[in-house]
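Protein sequences, first through last, are from chains Z and A.
Counting along the first sequence from 1, when you hit position 161 you're at 204 in my numbering, and nothing is skipped either side.
Counting along the second sequence from 1, when you hit position 134 you're at 149 in my numbering, and nothing is skipped either side.
You can take every hint at face value.
In the DSSO-like style, the derived pairs of lysine-lysine whose C-alpha atoms are separated by at most 30 Å in a straight line are:
| no. | chain 1 | residue 1 | chain 2 | residue 2 |
| --- | --- | --- | --- | --- |
| 1 | Z | LYS345 | A | LYS149 |
| 2 | Z | LYS323 | A | LYS149 |
| 3 | Z | LYS302 | A | LYS149 |
| 4 | Z | LYS344 | A | LYS149 |
| 5 | Z | LYS117 | Z | LYS345 |
| 6 | Z | LYS257 | A | LYS149 |
| 7 | Z | LYS131 | A | LYS149 |
| 8 | Z | LYS345 | Z | LYS389 |
| 9 | A | LYS149 | Z | LYS443 |
Listed next, the stretches of chain Z that the computed footprint assigns to chain A, with coverage defined by at least 3 CB atoms under 8 Å from CB atoms of chain A:
| no. | stretch |
| --- | --- |
| 10 | 247 to 261 |
| 11 | 293 to 306 |
Simulated from the structure, these hints should not be mistaken for laboratory data.
By construction, the Cβ of each residue, glycine as well, lies at the ideal position given by its N, Cα and C atoms.
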Amino acid sequence: MKTIMQLALGTAVALGVGLSGAMTTVAQAEDSNYVPLLTYRTGPFAASGIHIANGMHDYLKMLNERDGGIGGVKLELEECETGYNAQKGVECYEATKGKGALVYNPYSTGITLQLIPKAGVDKIPVLSMGYGLSAAADGSVFPWVFNVPDTYWDGASVVIKYIGEQEGGLENLKGKKIGYIFLDAGYGREPIPLLEQLAEKYGFELLQYPVGVKEMQNQSSQWLNVRRDRPDYMVMWGWGAMNPTAIKEAVKIRFPMNKFIGVWWSAGDDDAAAGGDGAKGYKAMNFSGVGSDFPALDDIKKHVVDAGLSSTDAGTIGGTLYNRGVLNSVIIAEGIRTAQELTGKKVITGEDMRMGLEALNLDEARLEELGLKGFAHPMKVTCEDHAGSHPVFIQEWDGKTWRQASGWIEPMTDLVRPMLEKAAAEYAEKNAPWPARTEPCPN
Amino acid sequence: MLYDIFIDPFVQMYEMPDFFLQVLWEGFVAGILYALIALGFVLIFKASGVFNFAQGIMVVFAGLTLVGLHENGVPAYVALLLTIGVMGVLAYGVERVVMRPLVNQPDIILLMATIGLTYFLIGFGEFVFGGEPKQMITEELGLPTGSTAFEFGERGLVILQHIDIAAAVIAVIMVASLGIFFNKTRIGRALRAVADDHQAALSVGISLNQIWAIVWFAAGLVALATGIMWGARSDVSFALEIVAFKALPVLILGGFTSIPGAIVGGLIIGFGEKIGELYWGGLVGGGIESWLAYIIALIFLLFRPQGLFGERIIERI
Chain Z
44 MKTIMQLALG TAVALGVGLS GAMTTVAQAE DSNYVPLLTY RTGPFAASGI HIANGMHDYL
104 KMLNERDGGI GGVKLELEEC ETGYNAQKGV ECYEATKGKG ALVYNPYSTG ITLQLIPKAG
164 VDKIPVLSMG YGLSAAADGS VFPWVFNVPD TYWDGASVVI KYIGEQEGGL ENLKGKKIGY
224 IFLDAGYGRE PIPLLEQLAE KYGFELLQYP VGVKEMQNQS SQWLNVRRDR PDYMVMWGWG
284 AMNPTAIKEA VKIRFPMNKF IGVWWSAGDD DAAAGGDGAK GYKAMNFSGV GSDFPALDDI
344 KKHVVDAGLS STDAGTIGGT LYNRGVLNSV IIAEGIRTAQ ELTGKKVITG EDMRMGLEAL
404 NLDEARLEEL GLKGFAHPMK VTCEDHAGSH PVFIQEWDGK TWRQASGWIE PMTDLVRPML
464 EKAAAEYAEK NAPWPARTEP CPN
Chain A
16 MLYDIFIDPF VQMYEMPDFF LQVLWEGFVA GILYALIALG FVLIFKASGV FNFAQGIMVV
76 FAGLTLVGLH ENGVPAYVAL LLTIGVMGVL AYGVERVVMR PLVNQPDIIL LMATIGLTYF
136 LIGFGEFVFG GEPKQMITEE LGLPTGSTAF EFGERGLVIL QHIDIAAAVI AVIMVASLGI
196 FFNKTRIGRA LRAVADDHQA ALSVGISLNQ IWAIVWFAAG LVALATGIMW GARSDVSFAL
256 EIVAFKALPV LILGGFTSIP GAIVGGLIIG FGEKIGELYW GGLVGGGIES WLAYIIALIF
316 LLFRPQGLFG ERIIERI
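Extracted from the complex, chain A is given alone in its bound form (with noise of 0.2 Å):
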């Protein structure tokens, strides 16, 4: 038993370094598209304070519009376009019907809005869509599809999709828009203003109104991208809703206030658990993916209560 759980799992990667390289790459997929869900997540926590329960469906409803809007005879890039202005639409209506008669409420209050937000969008996207799943529209996005494949010796092989690729790219430029988004620009900077401290931000003249439209405007574009890379890896369907919440784990390891934060809990996520399920879950029966990136993100929080990355908070009696 103490082969299998100390040496084992370490021989298997010396003797088959193609298939270990195959899980790191696979891990580090898997962890761009959970940092990418949990982008969406930090977005709106660290403006608001909100825990957006409804970031799952928006990532399901931002897919299914894009696809949907193709399937009526809308041209690709159109469609892009036309899906960009509605969650722009989506999250002007979120601020005025739900976040702004509930300013100043306790958290509980805006985390069970959401909660009702993800139901609305359930229901409403299956009147609007119907319930069966639709193939991401990757071609006509001008995406690639198929793969490169790396011989190594007479077994070896390494396997890189590109549509993992370009998910790995996109991930890449949306983190650095954001970053030079909340760093460089006025609204930017307001944003972290409010981030802060909301009363704070009203006293110099900050809307708030505008900065969560702007907030869940962003969320919903970063909801957009993760639509179409895991749509692409599987289909648009709102099975993806329960994806989404693989990012709370990497919310807990990461910070739910930090971008780096999500990246890196993201990756940290990606590669523990497909390193743990390939070499050893095995040996409890397979399937530990689900709860072993809890567990993972627990032994970081034993030392770092607040993340990796969270704001360490500290209040005086």
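Excised from the complex, chain Z in its bound form (with noise of 0.2 Å):
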């Protein structure tokens, strides 16, 4: 028995121990708005997730030093780590919904898919800003989520642009050879099906290159298929530790690096650092500021880093996955306040929230107002688009940092939003009662 008791005790502290570790406990007042992160600092892909945690977490941090908060009422934040595992972070969306969150945003396309039928149950709407299920920019059936400022396939469409431009022509595609190397999950595949019918419609042929989790430290197979099909252009989904490991395959087989573009999650400056000389040319879309040359950059420095109350190393700041961060929590920022301004409350819920986000419109005066003017393209988002198919820039790696390397690309919208109308109903369809749309259009 006494055995016995010991071990309920051991465990019951090692559930506390870890309990306490895995979420900052917050004390959700009345008069505040509560915002959980979902966050991964741990695993295979702490090494983008740190960064973007901290944008995250600073942007926020600083409304609360240097404003109080949004609108006079202060945002408890609270992070959840979920190292991107689905499983993990269903259970942070469980453990924190309660608490009165407002909007989530997973950071993993994986964790995204199952949040997605959730949201309109529990009405609390979801941001998978720049990633997740594309379908989901389609606002008449998936009301409760937000893809602002694209989706994969507007990206995908804008590579493909890029690429043609490069060529003198999307015509001048034909014949030509693109691989795609991508992570072997719902991240990397989501693209495809619009790669593909680019492939088609321009007659470019599209190479393969999945990569799976247990291989992203290890693609010497991957690379030597490349330096075997010789494609002209290679286009990357990566992720993680998966980044890195390809710049550097893409260095040892001589690949032409001004040929390789990664997505705006495959643009870090660890990514492209990891390749050392050799991946000078290395390109990458990207939809947020590059640098650290923003008022509202230089408040987080001052009111949140340097005060000692963010993780963040001073040096980082201006990355492009902070700056990512920061943009993302900049949404959430504008969310709440719109939220705020249409309902005339100060404490918001996620319903109310829901409409904050479709009435969003974060023009270049708002982008000035908040110290961020160039930090990102002007974003608007409507009840029927959910992402708004913004556009999209190349940046270029100069061995010591990113450089923008092209005007701001629009996505090829006459191409992707029918697929993603007929996406959303397909979807809709296979996870069939789908609920109508029944809430209010603010707009």
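Starting from two chains that each stand alone, build the complex the way the hints lay out.
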């Protein structure tokens, strides 16, 4: 009996320690807005996740410190470690949704897919900024999911458009080979339907190179295949440890780096730096600011990082993924602010937040007001279009830092939008009875 | 279809001999690296019958300690020596805290203990070094970096990375040293005695505790060498722990108790998965590497259930 008691006590202590480690305890106050942050600072994807988590946390924390929150109401922030694991992500969701969560940012397509059916039931929107289910851009089918500023299909169309520009026109892609190396998970497989459609339309051959999670740091086979197939361009949809390894392997087989283009999640500073001098010329799409020369980032440094309220290393402020995390929190903050304006309430609910996100209008004037002039392309969400298919630019690694290598490139919305709508209808059919939209449109 | 399976791959090998050579080289390097990881498992299994689930995280932990010390201003070679010391302390700690209290417990209990050790090292490693990946200090350790290209005809090219050559040399030195250690030294012979029969070894005055600490230390050194080599090819991050489980099919194939088995098994898996992926993978959409190694191992097991070099177990009832 004594042993059983000891075991029970030990288990209780271990569980207590585990839970307190996994989630920073917050006291949900009635005069605050609660924002859970699903992050991953550990595991195989921590290399990317840490910077995103820091950026997200620091911007919202800065609003608390500098402005006393949003609309005079403090934000209660709580991080929950998912390890990029769908099961843990759902556990985080279930553990935090009852605390008055306003919005979820899963930072994993796998977790996003799990949360999409729950969002409408629990009345808490999911913001998958530039990732997740592309079809969720159709607000008439997915009123609770937002993937502003772009879907993966938008991104895939931009990269093909850019390659077309390099070749002197999309018509010149006929007969070319474009390789697609991707994390063999929901995330990496997401743009394949669009790439296949574009391959058919423009006559290029799409060569696919899947990289399993277990093979992220062991990609020599994939790159030997690339060497043999001799694609004219390589496109990458990588994340975490996959990115630096892929860039190193590309350097190793002497693939021309100026013809190697990553999605916006393969655009980390550490990713490119891993390739050393050989990585010069590597390109990636981006939709958030390059560098730290923005007044809002100065405020983050002053009010949060220098004040010791963050785990961010000051030298990483302005990195691509850090800035991406900041942009994510800008959208959250603007969603809250808009919801407060629409409802007249200071402390809002998930339903209010959904309306705030649906009425989001981050124009140039507002970006400047936020101290983020030029940090992102102006973005607007409508009830029909929850992504907006906003322009994206290409950045290039010069061996030390990223520099902008193109102007803003519009996605091929004429092609993407009908596909999104078709995919959304198919999703609803497969998941019948999928609820018809009854939510009011704030626009 | 039959042509694609039985003829075309060989035609490709004939028509692009330089590429085939490159595939063989990559298979050899992968095999050597798998063998290095497998060695760590074999050492501990041989001495204690424990499948050390923590071997993968030991690779990460050793690599992170080395780079972490250097990042804090410790010169590379001093950091290397200190890391060896840390692995020694870890081995002593594991023997005292994990192994000693569990003597004579069923193997499954010891396996669970190493799973616990894995999670402890993950948490401790992340606490001390953070979760961010680190660049291996390849040049600072005097390891070669560049590459040498051999050109054949107009388009033929075989590229050998110097770090891969170094990995092969280090692996050979390591295996030779372990071979001498096991066969020619008093401690090595004691270790083999423990591996054969714990109680018989105890009865002739061999200290189990000492042997276990030594063998965990040796596994720690192998983990350090593996961490340096894998880290130089990609980076040192917690994702490396996953790669370590590539050693499982190697162990199934080579046997859990044989050092030559780890080497031969590693090479068979390395060559097999690269050739399979490059010449037959395309038939099923690629990405077959992760499971092909297990298929190869299972095919071998059909004929030698104890593995290529494993000891045949005969139990009389």
